[in-house]
Amino acid sequence: MFGRVLRQSRRFWVAVLAGTIFLFISHQSGLAELDLDFDHGALPGAWAVGIMAVSILLATMIIFGTLTLVFALFIASLLFVVELLLFGSMLFTAFALTVGPMMEGAAWASWVWPVVCFACPMLAFEAIYGGNFSDRGRRDMAPYRFSLTLPASPEAVWGMLVPQSPLPPEFHWPQASTLAAPEGSDADFILCLPRRRDLKDAVLEIRYETLTPHAHARYTETPRPGTADPEMLVEITLHQNPDGTCTVTVLQQFRNVAFKQRLSLWLNHTYRDAEAFFRARLTGRPDWSLMGAQQLRD
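For reference, each letter of the sequence shown is one residue, going -18 to 279 in the numbering used here.
Since the hints were made in silico from the structure, they are not lab data.
Yeah, the Cβ is synthetic: ideal placement off N, Cα and C, and Gly gets one too.
Careful: at least some of the hints might be erroneous.
Derived CB-CB ranges, DEER-like [stated by the list, open to error]:
1) R119 with E85: 42 to 52 Å
2) E136 with M42: 44 to 54 Å
3) R236 with A87: 49 to 59 Å
With the hints as constraints, model all of the structure from the sequences given.
See the structure below:
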């Protein structure tokens, strides 16, 4: 359970550091006044500034720590709201400090503020995750590798991990299915991974580069049109140990990923989340990964 929360550490620290710097600079420059209960005049200048910075840091840690904890445990699909609230509040503050004074006394000012409160998070979402410029800055992400040892044979693990057509019943994704590749495609087959109703299903073209049954597989997962998942290279190696166990090594690499999607994958610690998902599915332990939360019930 708490592993899911810890995997949101990047999102938490980005929000805390950005929020702290923003509030501190706003206060020091006189753009915003923070009413903290201590006497600035009774302290040396450096101490006053230090206490101010620590106070702001603690406040942002409490605010964004609570938000991250609640969303990670109970509403994982809304984790992106953490950064939307951060950058939305920055936009609102900038508007209030620059345009707000010019609206004082205006008859229409009373209805402008609710519109601004609604618009700022929307603008933040568009800037971070929206469709504009969503295809810019494409590049491959660094690969990620993990290993685990299972009390099972390579033959048993193979069916759980490696997509095949048709899929064996023990495949790790509940209710997954395969389709024949469309005419003219060089894909080996189409892999369909159903998700909860509020999420898009993943429809992926599978292309094998290397395939040695029960030992080694290297393939790419290319999303079909309408699928939001990035392209990914997967390499799976199975090794039979003398004691009868099997060592599984999995390499994953997201390829040709645009900047906005890379940001989302990075904030969600997606590689480590996928590792937690596979470890849970292969060992039978409770699955607290974000990937597992997307699945339909077995």
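Evaluated hints:
Restraint check, R119 to E85: a C-beta distance of roughly 46 Å satisfies the suggested window 42 to 52 Å. For E136 and M42, the Cβ-Cβ distance of about 49 Å falls inside the hinted range of 44 to 54 Å, so the restraint holds. At roughly 52 Å, the beta carbons of R236 and A87 sit within the given window of 49 to 59 Å.
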